[in-house]
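Those protein sequence lines, which keep their order, are chains C and S.
Quick note, the first sequence lines up with residues 1298 to 1801 if you use the working numbering.
Quick note, the second sequence lines up with residues 12 to 165 if you use the working numbering.
Don't read these hints as lab results, they were simulated from the structure.
Take the hints with a grain of salt, since some may be wrong.
Keeping only pairs whose Cα atoms sit at most 25 Å apart, straight-line, the calculated DMTMM-like set for lysine to aspartate or glutamate is [to be verified]:
#1 C/K1496 to S/D123
#2 C/K1313 to C/D1351
#3 S/K39 to C/D1758
#4 C/K1584 to C/E1400
Only a predicted model underlies this, so the values are computations on that prediction, with no experimental measurement involved.
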Amino acid sequence: MYPLLADGLVNIVQAKYLLPLVLGTLAGVVGGALPGVTITMTIIVVLPFTFGLDPLQGLAAMTGVYVGGSAGGLVTAVLLGLPGTPSAIATTFDGHTMAKKGEPGRALWIGVWASFFGGLLGGLFLIGATGPLAKFALQFGPWEFFSLFVLALSMVAGLVEASLLKGLVAGAMGLIVTVLGNDPVMGQERLTLGIPFLKGGIDFLPVLIGVFAFAQIMGEIERRGVHALSADVNRSVSLAVSHAKVIWEVLSRPFQLLWCSFVGVLIGVLPAIGGSAASMMAYDQAKKFSRRPEAFGTGTPEGIVASEASNNANVGGSLVTIMAFGIPGDAVTAVMLGALTIHGIQSGPLFISQNAQLAYGMFAAYLLAHPIMVLILALGARWMLRAVTVPKAALFPIVLVLCVIGAYALNNTMANVYVLLAFGVLGYLMVKFGFPLAPFILGVILGDQIEINLVRSIMTDADLWLFVTRPISGALLAASVLSLAAAIWQHRRMRKRAAANADF
Amino acid sequence: MKLSRDGWAGLAVLAASLFLFALTLELKPSPLVPIGPGFYPRLVLGLTAVLAAALVAFDSFGKKAIKAEGKGNYAAVVLHFAVFGVYVVALPWLGFRIATLAYIAAANALLDFPTGLKGWARVGAVSLIATALVYVVFERYLSVLLPRGRWTGF
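Hey, can you work out the whole structure from these sequences and the hints?
So this is what it looks like as structure tokens:
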């Protein structure tokens, strides 16, 4: 493992890989810092730029976006009280309070160094766990894969904040997208509705780009949020600190750092929960374990460390599931999965053994992205404040043009652009009607694999009981039933609490 | 029995899944595999129909959650979708360069209406620079072929 990692590091420091990594990290930091732009939108924008690159260059750029974006969100969260990404919401509680008390530099750099160390701890998990998990997944037959994908889908549907039923309907709608066009086993045409371009089925990337980009941009337009934040920005603020002191402030809380990073990794491994839940949960945990819980929310460094360490460690966890099982942990890794597909690489248990150079290159890119992120923030944190003054009226149309290129360039056909528009409308409507997007997207991504594994297992042995009697498959199906039961219980409890609060 | 947004959404999903389910009945079984191309779609569409029906039922007979929601700027959303739709339709006819230039200018102006000559000049400059930059980066450096126009020839 270590020689391969060393090879990966040697590879990635070559200019042809380092440049995309630096540019990707820079794009991530800027995109993460811009309120309303999010990491998902940044990676969607970066995607078309990777089409002309080799796979490792493209993945290095995307890994950079992911790492940079997870840290970038804290800049505006701390300095303006506006989280650049949802995963930085918990950072505002203490980060912005500390900044308002006259220590913006300390608040920012505690966040940056916590992101750095949290991210590296997530990296240790990524490097150490991906191989063994992939080896474990190699024992899977079609029954186990079917059950694993069903578990992923039921977990995502159950863990969304909206109603469980809506989560399940959204997941089922995603599966419907994959049954249009052709049968993935025999290639037989089905449900094309007389539309010629549906004969080849629907690529998931235009669907994903359309759903996420439009849901977000149109949501912003609807809220009249297109105006720049120039009025709120104080560019003369001093961010100078003693880095040794700040690093000590972070490292002098080893238990908190380790625990919050662990929470981040764990949430990252579970599909589609995301960095925002990780940072909120870690913040909550840190408060519970703290000797001074009353200090949380008043500008304590503990709050910043908890939130930032966990949201960057979350990245490592998300990458594990995509590299070991081929299941995207969130929308960002779903785009990365799409980028791999474009280059003809199949993610999943065989990924690491068949593409060792690429996998370890990606690990190396992940590790190297952290010091690059620190360097970018050291050189440009103040400049980031200028970035938030970019008028969104100019930014949004350009982002949508890049989405069009991303969809068009997949097969050089306008059909994918029409799909982008259609699913853009659907994505916006789904958000308006309160349907979560994560289960829908996971349904679109996993639909074909669910069908292929279901058909393969029935072709191998028509006995359906095998799904339950094979130990791993049975355990996975039991876990999906349990996750749905837990979600029902949790939703009922929340409803009861809401009703009780309403009575008062 | 009055339906809320959830109920109407459930009805739409139910109708779509039943329509597609009916279409799967026309699919012929394959002689090579024990289950034909219609097996899995029927499973998925049947499941969706049941879930959508449950959503309608819960909405009709269960307690409705009252959501306080501010009025959004829906006219701007519809207008922006329309402008984007025109851009998508125009792309194969006008080609990437002209269609994109016009789209960025129109969308920018719609989102933040320019006042005075300076405002219009800013809109023009942003759209021109963005289109040129995107074109050069993708066509020249990343070898991504962008759509050519049937009317314009470029």
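- [ ] Sort out which numbered hints this structure fails and list those numbers smallest first.
- [x] 1
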